[in-house]
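Let the hints inform the model, and build the full structure from the sequences given.
The chain contents come next:
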Amino acid sequence: MQELDYEELSREELKLQIQELEFAVIELNLFLDTHPTNQKALMDYNMFSIELNKTKNVYQKKYGPLTNFGYALSSYPWKWVESPWPWEE
Amino acid sequence: MWIYEKKLEYPVKINTCNPALAEMILEQFGGADGELAAGIRYLTQRFVMPTKEAIAILTDIGTEELAHWEIIATIVWKLVKDAPVEKIKGTPFEAHFAAHGRSPFPHDAAGYAWTAAFIQSKDDPIANLYEDMAAEQKARATYEYLIQLSDDPGVTDALSFLREREVVHFQRFGEALMGVEEFRETKKYH
Numbered sequence: 001m002q003e004l005d006y007e008e009l010s011r012e013e014l015k016l017q018i019q020e021l022e023f024a025v026i027e028l029n030l031f032l033d034t035h036p037t038n039q040k041a042l043m044d045y046n047m048f049s050i051e052l053n054k055t056k057n058v059y060q061k062k063y064g065p066l067t068n069f070g071y072a073l074s075s076y077p078w079k080w081v082e083s084p085w086p087w088e089e
Numbered sequence: 090m091w092i093y094e095k096k097l098e099y100p101v102k103i104n105t106c107n108p109a110l111a112e113m114i115l116e117q118f119g120g121a122d123g124e125l126a127a128g129i130r131y132l133t134q135r136f137v138m139p140t141k142e143a144i145a146i147l148t149d150i151g152t153e154e155l156a157h158w159e160i161i162a163t164i165v166w167k168l169v170k171d172a173p174v175e176k177i178k179g180t181p182f183e184a185h186f187a188a189h190g191r192s193p194f195p196h197d198a199a200g201y202a203w204t205a206a207f208i209q210s211k212d213d214p215i216a217n218l219y220e221d222m223a224a225e226q227k228a229r230a231t232y233e234y235l236i237q238l239s240d241d242p243g244v245t246d247a248l249s250f251l252r253e254r255e256v257v258h259f260q261r262f263g264e265a266l267m268g269v270e271e272f273r274e275t276k277k278y279h
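Heads up: the protein sequence lines correspond to chains A and B, in order.
Throughout the first sequence, residue numbering follows my numbering, covering 1 to 89 in sequence.
Throughout the second sequence, residue numbering follows my numbering, covering 90 to 279 in sequence.
Keep in mind the hints are simulated off the structure, nothing from the lab.
Just so you know, these numbers come straight off a predicted model, no measurement behind them.
Using N, Cα and C, we set each Cβ at its ideal position, and we do this for glycine too.
A hint or two may mislead.
Here are some, though not all, of the chain A residues that point toward chain B, as calculated from beta-carbon distances under 7 Å [to be verified]:
1. 30
2. 66
3. 69
4. 72
5. 74
6. 82
7. 87
Think about it this way: if two alpha-carbon atoms lie no more than 20 Å apart in a straight line, the pair counts; the simulated SDA-like pairs of lysine to any residue are [said to hold, decoys possible]:
8. 170(B) with 36(A)
9. 141(B) with 87(A)
10. 15(A) with 43(A)
11. 95(B) with 36(A)
To give an idea of the interface, some chain B residues facing chain A are shown, with a C-beta separation under 10 Å as derived from the structure [stated by the list, open to error]:
12. 139
13. 150
14. 265
The following block contains the structure:
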């Protein structure tokens, strides 16, 4: 896989990177639901998931949480309400 | 439990104002073969599935449909949010405006409100999965009509992504159906 320095990316570029990785993960997830013993797909799923988590961590540190309900920490003041909602971008 | 993620599954890049197209796109927000109907249908049907694979695929595709529902609402919103009333008058969006202003509302392109009567769930996994496969094909056909109606490259791009997802979902439901049929065969003869 292409090595990218996520810290160097703009907010838009980073979000697109997350969307691309998440697409791969969703696609593999659905495939694995009906092919649970496919080891190649499982390895890809785990590999893309690790990469996705890396990009999300960089994004969330810089631009605020992507998820709430305890899945991401927030600095002060509560960041969840600050960043734009998907339809505001 | 569901967790919200504060981003779209696929980017929506639209900078035009087009209330007439927005009204047509509402077909996939609140129509019989739209994303809301798909999501509620699949998440409701999970309880009677006999295989772990079928429960998983209904949960995960049902969840993805809710993300698609948000993409559709975002398209509609972006097409009308800055529309002056003069640009709404005389378009198919005018009747929507009379009831909802610029807010999205789950009805189909002709204004018929979303209803659970659009969907079905039976204590019969085979019947459910055939319905789901038909639903994916009907949604694919609808996206193809909408793509023909779209004159906005940003809208067409997002619709094309959503159309492709219907094709993948159809494939996965077909595999889940084969698994359920195999499960029933083994139960019958052993």
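Hints, verified against the model:
1. 30: With Cβ-Cβ at 5 Å, under 7 Å, it holds.
2. 66: holds, 5 Å
3. 69: At about 6 Å, which falls below the 7 Å cut-off, the nearest Cβ of chain B leaves the hint on residue 69(A) intact, so it holds.
4. 72: The hint is violated - residue 72(A) has no Cβ within 7 Å of chain B, the shortest such distance being about 10 Å.
5. 74: Nearest chain B Cβ about 12 Å off; hint violated.
6. 82: Where the cut-off is 7 Å and the nearest Cβ of chain B is about 11 Å from residue 82(A), the hint is violated.
7. 87: holds, 4 Å
8. 170(B) with 36(A): violated, 44 Å
9. 141(B) with 87(A): violated, 35 Å
10. 15(A) with 43(A): Since the Cα atoms of residue 15(A) and residue 43(A) sit roughly 24 Å apart, the hinted pair is violated (cutoff 20 Å).
11. 95(B) with 36(A): violated, 29 Å
12. 139: Because about 14 Å separates residue 139(B) from the closest Cβ in chain A, which is outside the 10 Å limit, the hint is violated.
13. 150: This hint holds: residue 150(B) lies near chain A, its Cβ roughly 7 Å from the closest one there, short of 10 Å.
14. 265: holds, 6 Å
Checked against the numbered hints above, the structure breaks hints 4, 5, 6, 8, 9, 10, 11, 12 and satisfies the rest.
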